[in-house]
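> Produce the complete structure using the sequences and hints provided.
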Amino acid sequence: MNPQLFQLICFYAFGFVTVAAALSVITLKNTVHAVLALVLTFFSAACLWMLLDAEFLALALIVVYVGAVMVLFLFVVMMLDIDQEKMREGFVKFLPVGLIVAAAMLVEMLGLIGVRAMHTQVMGADPAAAAGTSNTAWLGRALYTQYLLPFEVAALILTVGVVAAVALTLRKRADARYESASQQVKVNPRDRVRLVKMAAERPVDETPVPPQESKS
Amino acid sequence: MADQLINQLLWPIIYILCITVPLIIAVAMFVYWERKVIGWMHVRLGPNKIGPFGLLQAFADVVKLLIKEVILPTKANRALYYLAPLLALIPALAAWAVVPFSSKMVLSNANAGVLYLLAMTSMGVYGIILAGWASNSRYALLGAMRSAAQVISYELAMGLCLVCVLVLAGSLNLTDIVNAQAGHKGLFDWFWLPLLPVFVIYFISGVAETNRAPFDVAEGESEIVAGFHVEYSGSAFAIFFLAEYANMILVSFLAAILFMGGWLSPFPDTWGFIGQGGFIWLFIKAFLFAFMFLWFRATFPRYRYDQIMRLGWKVFIPIAIVWVLVAGCMKYYGLVTIGTGV
Chain A
1 MNPQLFQLIC FYAFGFVTVA AALSVITLKN TVHAVLALVL TFFSAACLWM
51 LLDAEFLALA LIVVYVGAVM VLFLFVVMML DIDQEKMREG FVKFLPVGLI
101 VAAAMLVEML GLIGVRAMHT QVMGADPAAA AGTSNTAWLG RALYTQYLLP
151 FEVAALILTV GVVAAVALTL RKRADARYES ASQQVKVNPR DRVRLVKMAA
201 ERPVDETPVP PQESKS
Chain B
217 MADQLINQLL WPIIYILCIT VPLIIAVAMF VYWERKVIGW MHVRLGPNKI
267 GPFGLLQAFA DVVKLLIKEV ILPTKANRAL YYLAPLLALI PALAAWAVVP
317 FSSKMVLSNA NAGVLYLLAM TSMGVYGIIL AGWASNSRYA LLGAMRSAAQ
367 VISYELAMGL CLVCVLVLAG SLNLTDIVNA QAGHKGLFDW FWLPLLPVFV
417 IYFISGVAET NRAPFDVAEG ESEIVAGFHV EYSGSAFAIF FLAEYANMIL
467 VSFLAAILFM GGWLSPFPDT WGFIGQGGFI WLFIKAFLFA FMFLWFRATF
517 PRYRYDQIMR LGWKVFIPIA IVWVLVAGCM KYYGLVTIGT GV
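Line order of the protein sequences matches chains A and B.
End of the first sequence sits at 216 in the working numbering; the numbers just go up one at a time, nothing left out.
End of the second sequence sits at 558 in the working numbering; the numbers just go up one at a time, nothing left out.
Be a bit skeptical, because a hint or two may be false.
Below, a list of computed lysine to aspartate or glutamate pairs in the EDC-like style, where the Cα atoms sit at most 20 Å apart [unchecked claim]:
no., chain 1, residue 1, chain 2, residue 2
1, B, K265, B, D277
2, A, K186, B, D522
3, A, K172, B, D485
4, A, K29, A, D81
5, A, K29, A, E108
6, B, K252, B, D277
7, B, K320, B, D522
8, B, K320, B, D392
9, B, K530, A, E179
10, B, K291, A, D81
11, B, K265, B, E250
12, B, K401, B, D485
Note that these hints are calculated values from the structure, not bench results.
Have a look at this one:
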């Protein structure tokens, strides 16, 4: 089994899983199952990228989407009470719209790749391999030198998005009660408890009188 | 053909078994050690009946768990209920692939080793969430929610701590990270010194990620019985147990590798025999960190849920972000020596 054959088998296996999982995302009845199928889609897509030596992208996809975004997604779906019948009502009505969008995307992709590109090398040679470094190192160098400005702009836009999301959803209820951790830490014991020093006292010597037994 | 098959399939499988089988035995002994240590801290004896000094207690427990029945709760989601323990265990074992035990002993010397570790540890949370949801129990669901929120919050702080290490080491490869900590001063060349706050944050986040005391609200037995695995019994429960302890050992090893010089010796390399590195040093360091997990459990009371969130988001993440900047400056102005050179 030579490495290329092994890679080919891996490619078809991962590709099959990706397509099957993506199909089950939209066909499964249980929404939690659908979300898990989406997780599997991401994971096998990451494996496909790994086969292309795009290790950074593949692992970032798993860390960001599988590890964080989909967990929150799953969280929300579990909490929702979804009526399956209602969700499926509009299927026929929205089918034409969906088909148009799908056709448009297909045309766009073909326009990008080219119709006859099936058997030719579309992208240029791997620049990381040409530079003799790993994909991650090459990507980092490119991002922080050649594409520094777009990178910073993207970071700024994301930050603005986060601040906007917080600003839109943050509201203070008048009757809510909060604890301030810094105030709790700063509390001085003397403000709360007063220790009183007292001189030791001898108890007054009073021998308890034994109760008189009633004679009967 | 047969030759290649052996080279490409048989040897990797043997290597994988060489890591996972000792790991599972280590988990069993770690459970025994935990009960023993906490026993001593409580002025008790701990397990002492089965085998010499109670050493076989863990194996007796394993056998007991394996021969018990796995009960499926009514209206539980059967497929996910059985899948959840495996989803917890697989990432916990898979993460060990990139852990270097010494300069040559590593299963996969991947370039993006740290990223791979982050990816694997972030996937472990699925087992917990699905276990909570599939068991059709309120307690389990509450535990799963708590756990998911906690793991995601502390993963951020942990990731930022890793960024500091990466900035100093200049590599995502774990072997390179350890080699970057080599030097003539032994102990004082490791990353714990320039990254001291981050090192503390990393280990505390590791404790929180593995849902251990004092961050064990996910299973807080006084509030929600046992959290996400309350409905699990027998071997399914044993797998959750195994995953949790394997993760604890992994965090201990990673703390040793990333901040405490991995297999490097704490003594200067001019000291001859004890100045040389070797996997024994890594195991000693990891054992000390693993011991701290148990020490914490016997010492600290459980955090309240909102305190956990505050600690993660408002204390750890800001400190870690600032220290990324500090680490960058240290690297830029050459305040930290990387590797044996210079």
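> Indicate, hint by hint, whether the structure satisfies it.
Status of the hints after comparison with the structure:
no., hint, in the structure
1, B:K265 <-> B:D277, "13 Å, holds"
2, A:K186 <-> B:D522, "19 Å, holds"
3, A:K172 <-> B:D485, "60 Å, violated"
4, A:K29 <-> A:D81, "14 Å, holds"
5, A:K29 <-> A:E108, "31 Å, violated"
6, B:K252 <-> B:D277, "15 Å, holds"
7, B:K320 <-> B:D522, "45 Å, violated"
8, B:K320 <-> B:D392, "12 Å, holds"
9, B:K530 <-> A:E179, "14 Å, holds"
10, B:K291 <-> A:D81, "16 Å, holds"
11, B:K265 <-> B:E250, "16 Å, holds"
12, B:K401 <-> B:D485, "8 Å, holds"
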